[in-house]
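With UniProt numbering applied, the sequence shown covers 1 to 415.
Calculated directly from the structure, the hints in this document are not laboratory data.
Just so you know, nobody snuck in bad clues.
Simulated DEER-style distance windows between Cβ atoms: (1) Q360 with V244: 22 to 28 Å; (2) A70 with L39: 25 to 31 Å; (3) R45 with Q360: 35 to 41 Å; (4) S226 with D308: 36 to 42 Å; (5) D201 with L39: 43 to 49 Å; (6) A70 with L413: 20 to 26 Å.
Think of the CB as a built atom: it goes at the ideal place given N, C-alpha and C, for glycine as much as any other residue.
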Amino acid sequence: MKLADMLSYADIGQLSRIATTYQCECNGNSKNELIQSILSTVNRREVFEAQIGALKLEDLRFMNSLLFDARDAFSLEELIARVQQSKFASPGSQNEAPADTRTDEAASAASPVKKTAAKSSAAKRTGKSKPAKERPEPESGPRETISRFKQYGWLFNGYAGPERYLFQVPSDLKERFKQSMERRLASEVEYTDDEPHAYRDEQMLMGEDIVHLLTFIHLNEVPLTSEGMMYKRTILQLLELFGVKEPLPGKGEWRFGYGRKIKEYPNRFSLLYDYCFYQGWIAEHNELLELTPAGKERQALRTAEGTDKLYQFWLRLYKGPIPNIRSLAHWIDKLGSRWVRAETIMRTLTPYVKPFFYDQSETILEQRLIGMMMHLGLLRIGEHAEHGQVIRMTPLGRTVVAGLSLDDEAIVLNS
Numbered sequence: 001m002k003l004a005d006m007l008s009y010a011d012i013g014q015l016s017r018i019a020t021t022y023q024c025e026c027n028g029n030s031k032n033e034l035i036q037s038i039l040s041t042v043n044r045r046e047v048f049e050a051q052i053g054a055l056k057l058e059d060l061r062f063m064n065s066l067l068f069d070a071r072d073a074f075s076l077e078e079l080i081a082r083v084q085q086s087k088f089a090s091p092g093s094q095n096e097a098p099a100d101t102r103t104d105e106a107a108s109a110a111s112p113v114k115k116t117a118a119k120s121s122a123a124k125r126t127g128k129s130k131p132a133k134e135r136p137e138p139e140s141g142p143r144e145t146i147s148r149f150k151q152y153g154w155l156f157n158g159y160a161g162p163e164r165y166l167f168q169v170p171s172d173l174k175e176r177f178k179q180s181m182e183r184r185l186a187s188e189v190e191y192t193d194d195e196p197h198a199y200r201d202e203q204m205l206m207g208e209d210i211v212h213l214l215t216f217i218h219l220n221e222v223p224l225t226s227e228g229m230m231y232k233r234t235i236l237q238l239l240e241l242f243g244v245k246e247p248l249p250g251k252g253e254w255r256f257g258y259g260r261k262i263k264e265y266p267n268r269f270s271l272l273y274d275y276c277f278y279q280g281w282i283a284e285h286n287e288l289l290e291l292t293p294a295g296k297e298r299q300a301l302r303t304a305e306g307t308d309k310l311y312q313f314w315l316r317l318y319k320g321p322i323p324n325i326r327s328l329a330h331w332i333d334k335l336g337s338r339w340v341r342a343e344t345i346m347r348t349l350t351p352y353v354k355p356f357f358y359d360q361s362e363t364i365l366e367q368r369l370i371g372m373m374m375h376l377g378l379l380r381i382g383e384h385a386e387h388g389q390v391i392r393m394t395p396l397g398r399t400v401v402a403g404l405s406l407d408d409e410a411i412v413l414n415s
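Let the hints inform the model, and build the full structure from the sequences given.
Right, here's the structure in full:
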């Protein structure tokens, strides 16, 4: 639903709190006047931009996590968890489950919103909604953050049945948030109008290498170690057939979380292998790697796998270690609409990337996101004489990233 629809279902108490937040001058006893005054104020670009500009980084991360979720509604517990995940500086609190699971009504009663509600009640007695003398003070804690977003009119409860305990973001505000965030992020990066002297483009190569992998397994007996991995000689033979050559992982290198075989195989190779395993095309049996009946049918087609399917799999597979991977891919796409300095992309987006164990934010953004998007054929990485490393989305990449709707669940590949 849009903001106007959600306001019409909201009770007069919440409308009064929102009106007070935006310093609206109107009759506090008239629901219609409150709604019209709120819409008139919120729809002013300078007011909306000022609200976004005043948000802390943790609040921006929290809102960013809601904008790209396929679901429309969230429970209070889910929102609390997302607020906690947005505070990178305190990992201990991020991993703790909320001990209190009261309903939103109880949360509101325990928050400083009570004071605002009291002011609104007083305003009703006088027939006017008094403008707030100053912006509400920023509050800390997950419940306070949620209450503050309700005061801004950015989160609303359902109005009936079980949905009354779920929260939604107005659909039209979602688009305005995305546009505002895009302008904010785009102002922090540096573009170049001329082409780099050389660039790397891997469009369609990964899809073709799926065919090479299946054909190799079809034509050869592929032995596996007792741990279920291919021998080094076999891996090197396959890498010679692939469109992209990768170095083997170093001994003792920290590798887990990004797929079933990321520990043993190079990043791109691992993604290809895991994709075929997830599709049910290959099976590890009696220390041999073999094609399944479905794999033999797929191999006989000898057609490249679609980039959109590989992209969808990559997003879902990496969703565990990178919960907001979909939003990050979206921002890389938007910021990479033309050649942009990679260094400025890194500086701009790193604050939105949460570290994953020993993988720092910079490493995740550079290797797990930008690097893998290049392997998927979604973007090009070039070298510019003046600006150094630059990146740009490919036409195929822009189409794929813009047109995909994904399931919410992350993929877990068990041994």
